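Now for the letters of each chain:
There are 4 protein chains.
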Amino acid sequence: MIRVGIINVTGYAGAELARLLYLHPEAEVTSVSGRSAAGKPLAEVFPHLWPLDLKISSELDEVDFVFSALPHGASAEAVVPLVRKGLPVVDISADFRLSDAAEYQRWYGVTHPAPELLPKAVYGLAELNRPAVREARLVANPGCYPTGALLALAPAVKGGIIEPDIVIDAKSGISGAGRSLGLSYHYAEANESVAAYAMEGHRHLPEIAQELGRLWSKAEASLRVTFQPHLVPMTRGILTTCYAPVADGRALTKAGVHALYEDFYKDDPFVRVTAEPPQTKHTWGNNLCLIYPMVDRRADRLVVVSCIDNLVKGAAGQAIQNMNLMLGFPEAAGLDLPAVYP
Amino acid sequence: MIRVGIINVTGYAGAELARLLYLHPEAEVTSVSGRSAAGKPLAEVFPHLWPLDLKISSELDEVDFVFSALPHGASAEAVVPLVRKGLPVVDISADFRLSDAAEYQRWYGVTHPAPELLPKAVYGLAELNRPAVREARLVANPGCYPTGALLALAPAVKGGIIEPDIVIDAKSGISGAGRSLGLSYHYAEANESVAAYAMEGHRHLPEIAQELGRLWSKAEASLRVTFQPHLVPMTRGILTTCYAPVADGRALTKAGVHALYEDFYKDDPFVRVTAEPPQTKHTWGNNLCLIYPMVDRRADRLVVVSCIDNLVKGAAGQAIQNMNLMLGFPEAAGLDLPAVYP
Amino acid sequence: MIRVGIINVTGYAGAELARLLYLHPEAEVTSVSGRSAAGKPLAEVFPHLWPLDLKISSELDEVDFVFSALPHGASAEAVVPLVRKGLPVVDISADFRLSDAAEYQRWYGVTHPAPELLPKAVYGLAELNRPAVREARLVANPGCYPTGALLALAPAVKGGIIEPDIVIDAKSGISGAGRSLGLSYHYAEANESVAAYAMEGHRHLPEIAQELGRLWSKAEASLRVTFQPHLVPMTRGILTTCYAPVADGRALTKAGVHALYEDFYKDDPFVRVTAEPPQTKHTWGNNLCLIYPMVDRRADRLVVVSCIDNLVKGAAGQAIQNMNLMLGFPEAAGLDLPAVYP
Amino acid sequence: MIRVGIINVTGYAGAELARLLYLHPEAEVTSVSGRSAAGKPLAEVFPHLWPLDLKISSELDEVDFVFSALPHGASAEAVVPLVRKGLPVVDISADFRLSDAAEYQRWYGVTHPAPELLPKAVYGLAELNRPAVREARLVANPGCYPTGALLALAPAVKGGIIEPDIVIDAKSGISGAGRSLGLSYHYAEANESVAAYAMEGHRHLPEIAQELGRLWSKAEASLRVTFQPHLVPMTRGILTTCYAPVADGRALTKAGVHALYEDFYKDDPFVRVTAEPPQTKHTWGNNLCLIYPMVDRRADRLVVVSCIDNLVKGAAGQAIQNMNLMLGFPEAAGLDLPAVYP
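Residue numbers (my numbering), protein chains in the order written: chain A, 2 to 343; chain B, 2 to 343; chain C, 2 to 343; chain D, 2 to 343.
If you are wondering where the hints come from, they were derived from the structure by calculation, not from laboratory data. All values derive from a computational prediction rather than experimental measurement. Each hint should be verified, as a subset may be incorrect.
What the hints assert, rightly or not - No farther apart than 25 Å at their CA atoms in a straight line, the calculated lysine-lysine pairs in the DSS-like style are these: (1) Lys56/A to Lys267/D; (2) Lys267/C to Lys41/B; (3) Lys56/B to Lys41/C; (4) Lys41/C to Lys255/B.
With the rest of the complex left out, here is chain A:
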C-alpha cells in the first residue's frame, strides 16, 4: 500500500480525500496535518471518519504521496520542499493552475511563492491532459467550476463548432465556499435563496480561459468568455450551463452534437454523455461528470449542461484520479462508486 499524506485535512476537500481514500485498494492515508486542530484525533474533528485511526499533526510524517489542501499561497510554500525532495504531489489549491505568475498575482493579489515550479506543474484535468498527468510529479488539481465548465465545453471548442463567444452560468452548492465561516454561508442566510456573486470577476475565470484557449485553434479570433457563478441552497453539486453561438455556416443537430461529445469522451471513465438532462443529485458523492449537449435551433446556439459533485470530481475525487495516473494505478481505482441517491 502506498502511504499517503494530506496537508490541511481539516477543510472539506481534505476530509473528502480521507473519506475516498479509505475505499482505495492501493493507497492508505497514514498521515494528516492541520494547524488549528493539531493534536486532536481525526475522528474527533470529523466523526464520519471514525474508522481512520489517525491523529492530526502539525507536520506530515514520511509518506509516499502528498495531497495539499491548503489555501492558495500557503499551499505553494508547503509544496516546494516536497517537490524538491522528489515526492509526487497533487496540489488542490489554485497555486499551480495558472501558468503565468503575473496572471496569478493579478487575480490572487499575492506574488507567486514559487514561480520556478510553474513550468513543471501539469494542469490535472485528465480528460484533456492524461499523458502529461501520467508523467507529472506536481499536478495542479483544477478548480471546481473550471472542471464543470471545461468538460462541458472542450469538445465544442476543440471541434470548432461554436463561435468564440461563450457564456458560462454555474450554480454551486454551498460547500464550495469551504468550511470557514461567513455570513453568506450562514444557514439562515443561504437557505431559501439563490444569489449571483463575484460579478466583478471570479478567480476561476482565468483558469477557464487559459484552458479553453489551449483548445481553441482558430488564430483569427480570441475567445470571449463570461463566467458567472451562483450559490444555490444545497450542500454539494455544481450544475454548469454553457452557451455559445453555433459556428457560422454549421448546421448542428442534437444527434450530431451528442455523437461528437460521445466520441470525445469515449475513453474517459468519469464522463458520461447522457440521453436526458442530468441533475446534480446523480453525481452526489462520486467522481462522475454528466454532460448533456443540445442545440437551440431557434437561436442557433449550443447549450451544454454538466453536473459534478464539487467535492469529488471538483476536488478530492479528481485529485485521486490524478494520483492514480501519476502512480500507474487504474484510473478509476477507489473511485468506482455509484452516486448516493436520493
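Place chains B, C and D on chain A using the hints.
Frame of chain A, contents of chains B, C and D only:
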C-alpha cells in the same frame, strides 16, 4: 370594499391571492371556487388562511372583480362569460398572453378557446404597459419567468445598448411547478439537486420573445433569444441571469448602465435597481423585483440579474398590482410589504 | 403614531421587529441602534427593509417605546436607564425572565446587572399573564422555546390532568441560533442533518420550569421537567412535542382534552387549537401558536404538539403583542397576518 | 460471487440495495424486478446506478439470495414460494416482523398472507438477535424507526435501569415515506416545515413494543411506550430521542450509563456510543447507528439519542448485514464505508 372572486383557489397562485388580498385596504375576497375541494372550508384546505371564513364552491358567487387561477385552456373558457358580462378579470393562466392564436396552439398544443378576446387582452406587466392596463377589462398576468426576464432586459433592449443575441438563464424555486404532484417535485428527488429542464423549449419563451420584440426598435435585425430554466431546491424565488453582447461601438460602464436602469424604473413602486447583487431571499413574500445590471468588460457583455418571488411578483402580487391599476386604486395598495427575512 | 426605538436592530429579532412594525397602524420605528453597523443605513444591512429610511445609530434618539434586542447582560444594562426615565420597555433578552437573580446567575454565568428591577418586570406571555402585562412598564419577552412549550402545557398543568412528570422535545429552525456565525449553523454542516444539543441543560429550562410551577397547584408534588431541544434544517419554526402521564384516575378523551384547551384559549387571538396535527409552515411569518393535544390511550399519556414561528410568536411578534397591551392598542394590531405558505 | 435478486427495485430501499451491493466483495446483483418499470434498463430509471448493466424484469431470474422490497402484503405473497424453494430471503417489508398474525391484521388492516411462515421468520436486528439471524432462512428486516429506537433503548431496558414508561420521539427525513407521491412529500409542502404525524398510532409501534417486551425482564410491570414520529425537511436520516425515568433507587451517572452502553455494543461493528451528541449527518450513506445516552439529573430521567440513515441501517444496509450473517460472510462485508460529509 370591492368584492373579489378567485377561480381555482386551490393552487399556489390562488392561495397566495387569498393571503395577499387579506391585507388589501379596498378589496375583500368574498367568493372562491375550486373543483376538487368544492364544499370544504378554505381554512381546512389551507390552514394558513384560517382568518378567511369562506367555503370553497364549485361556482363563484356574484363579485365585482375576478382572478382566474385555472390552468391554461380551462381558464379562457371560464373567463369568456365573465368578460361578456363586463366583469373586470385578471387571468393568471397563459391563455391571453400570446397575441397570436396560432403561436398559442403551437406551444400549448390546444386550439385557443377564445381567440376573439385576444385583441382585447392586455399583457399585464405594469412597468411596460401601465396605461393599457389601466384601461383594460381583461388582463393577462405574465408568467413568472417572463416577469423576471423582461424586467431585467427591458431597459437594455429598449435603450438599444445590446446586440440582439440574448441568453436568459433562470433559476426557480419549486413552487413554480405548482401544487400538482410529480416525481420531479417529490421532496427526496428535488432536494439537494439542481436540474435544467424544458431544454427543447419552455412555454414561457414565446411570451418573452413577443414582449422583447415589442421593445426592440432596430428593424435590421431580429432578436435571438435562448431561455433556459432550472429548478433549484427552495420553495420560492426566481433569480434570472441575462447575458447579451454590448452593442457594437458602445462603451458601456457599470455606472452608465445603472443610471439607464434607474431612470427607466424611476416611477415604478415595485422595481429597485440595487447597489449590490441581490438574492431571492430579499423578495421572499413581497412584490418587488430587484435588478442588478453590470458590464463584463473583459467579454464586452451586459450581465443583468433580477430576483422576484415567483408566487408574488411572478403571480398573485402582480395580479393584484394589475387589479389596483384597473380599478383606480393606488398601484401599491395592499402590496407595501417588506420581504420576510431570513 | 407612537415613536418606537429598537436597540440592537442588527440581529434577527431586531430585524423582524422592524419588518412587523412597518405594518403596524399605530406605531412607527423612528430610531434603531446597533454597534457593529452604526452609521450605516438600515436598508444596506437588511435589503428587505428598504422601505424604512433609517440610519443605524450607536444610541437611540428620543422615542416613546423601546424594544431591546441585545444579548443577555448587555440588555439589562441598556434597559435600566430607560426604565428609570419611565419609558415602557419590552426586553427580548433573557435578563428579566427569571425572577430569582441567583437562578439567573447559575444559568447565565454572570451576576445580574439590575436585580432591583426583577420585581417590576412582568413575564410577557399574554395568554397567561395578560392583566399584568397591561400594567407593566418593563416586560420580559419569553424565550422562543418557552413560548411553544408553555402554551402547549399550560391548560394541562393548570387543569391538573397530568402527573408532574413532563418531557418537552422541541425541534427548532436554525434562525433560533441568531445571526452570529458558528460552525453548527454553517450551511453545509446544518443542512441535511438533525441534532440534539444542550443535553446538559438549556438556558430555557429554568424559565419553563418557573412558569409551569406558577400554574401547578398540587403542593404535594413538584414538577419534574425534561427539556430537550433539537436543530432541524429549516430557517424558521419550532415544533414542540410535550409528553406527560395522564393524572391517576383521570379518563381523558381526545375530545375532552380538546374542549379543555379550546376553553382555556377561547379569548386569545393568537392561539388556535387545531382539528388536525399542525406543521410549522402554517405559522411561517405570523404570530400564531397552533396547538394539537391528544391522548395516547395505550400508554395513558397526554401528547401535545405546538407550532410557532420562532422569530414571530417566539420573539418579535410576541414583543409587539406585549407592546399593544402595554399601550392599550388592540392586542392584534399590526399582527393580523396570514402565514406565508407554501 | 453470490447471485442476488432484488424484488421491487424501483423504490428507495430497492435502489439503495443495488447501490450498496455494487460495493460488496462477495455478492453481485444479477436480477432485479419491478412492475411499473418492467422492461426498462435499471440505469434509465436510476441514473446513479449506471454501472449496473441490468434490465428490470417482471420476475426474478434464478438467483442464490433474494431481497424483497415490496410493500407489505405483496411482499409476503412473493416471498412464500421462494422460501418453499429453500432460497434464503431478507424481507424489507413489515410482513414478517410481528410474530402475532392478529396484531399484524390489527395494524395493517389485512389478513396475513402467510401466517405459517411467522414462526420461521427471524427479526433481523443483528445487535439483539445475531445467532438466530445466522441460522435463519427468512429474515424480517426491521423498520427504520424501530431500528433507531430499539438500539437506543435495548441496553437500558435489558439492564433494568429505567422504569417501564418510555417516550420515543423520532425525527425522520422524508425519503422514509418512500418514492410514491403524496402531498405531504411534495417539495413545497415539506420544505421549511416540521410536522408530527400518525398521532393516532404508527405501524412501527407494535414492532417496537414487541421487541422491547422481549428485553424486559420485570414480570411485575409491563412497558408503557409512546412513539411519536415527525417529518423534518431533509432527505435522509432519523434522529430518535428516547426518554424514561431512571429506575427507582438507581443512582445513574452519565459515565455509568456510557459504560453500560459501550459494554452492550462492544462486539457490534455498526453501533458506536459517542462521546458527544451525534447528528444524523454523521451517518449519511452508511450503516452506522450512533448512540449517545445521558442522564437528566434534575428530572432523574434517562435521555438517549440515536442517529441512523433510514435507507441504510434503517433498510438496505441492515438487510445486507443480515445477508452477510445468513451466508457466513464477515458481518461488515461491503458496508465498511465512512459516511458522506458534509
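Hints, verified against the model:
Distance check on the hinted pair: Lys56/A and Lys267/D sit about 23 Å apart at the alpha-carbon level, within 25 Å; holds. With a C-alpha separation of about 24 Å, the suggested pairing of Lys267/C with Lys41/B holds against the 25 Å cut-off. As the CA atoms of Lys56/B and Lys41/C are separated by approximately 49 Å, the hinted pair breaks the 25 Å bound. The hinted pair formed by Lys41/C and Lys255/B meets the criterion: a straight-line CA distance of about 23 Å does not exceed 25 Å.
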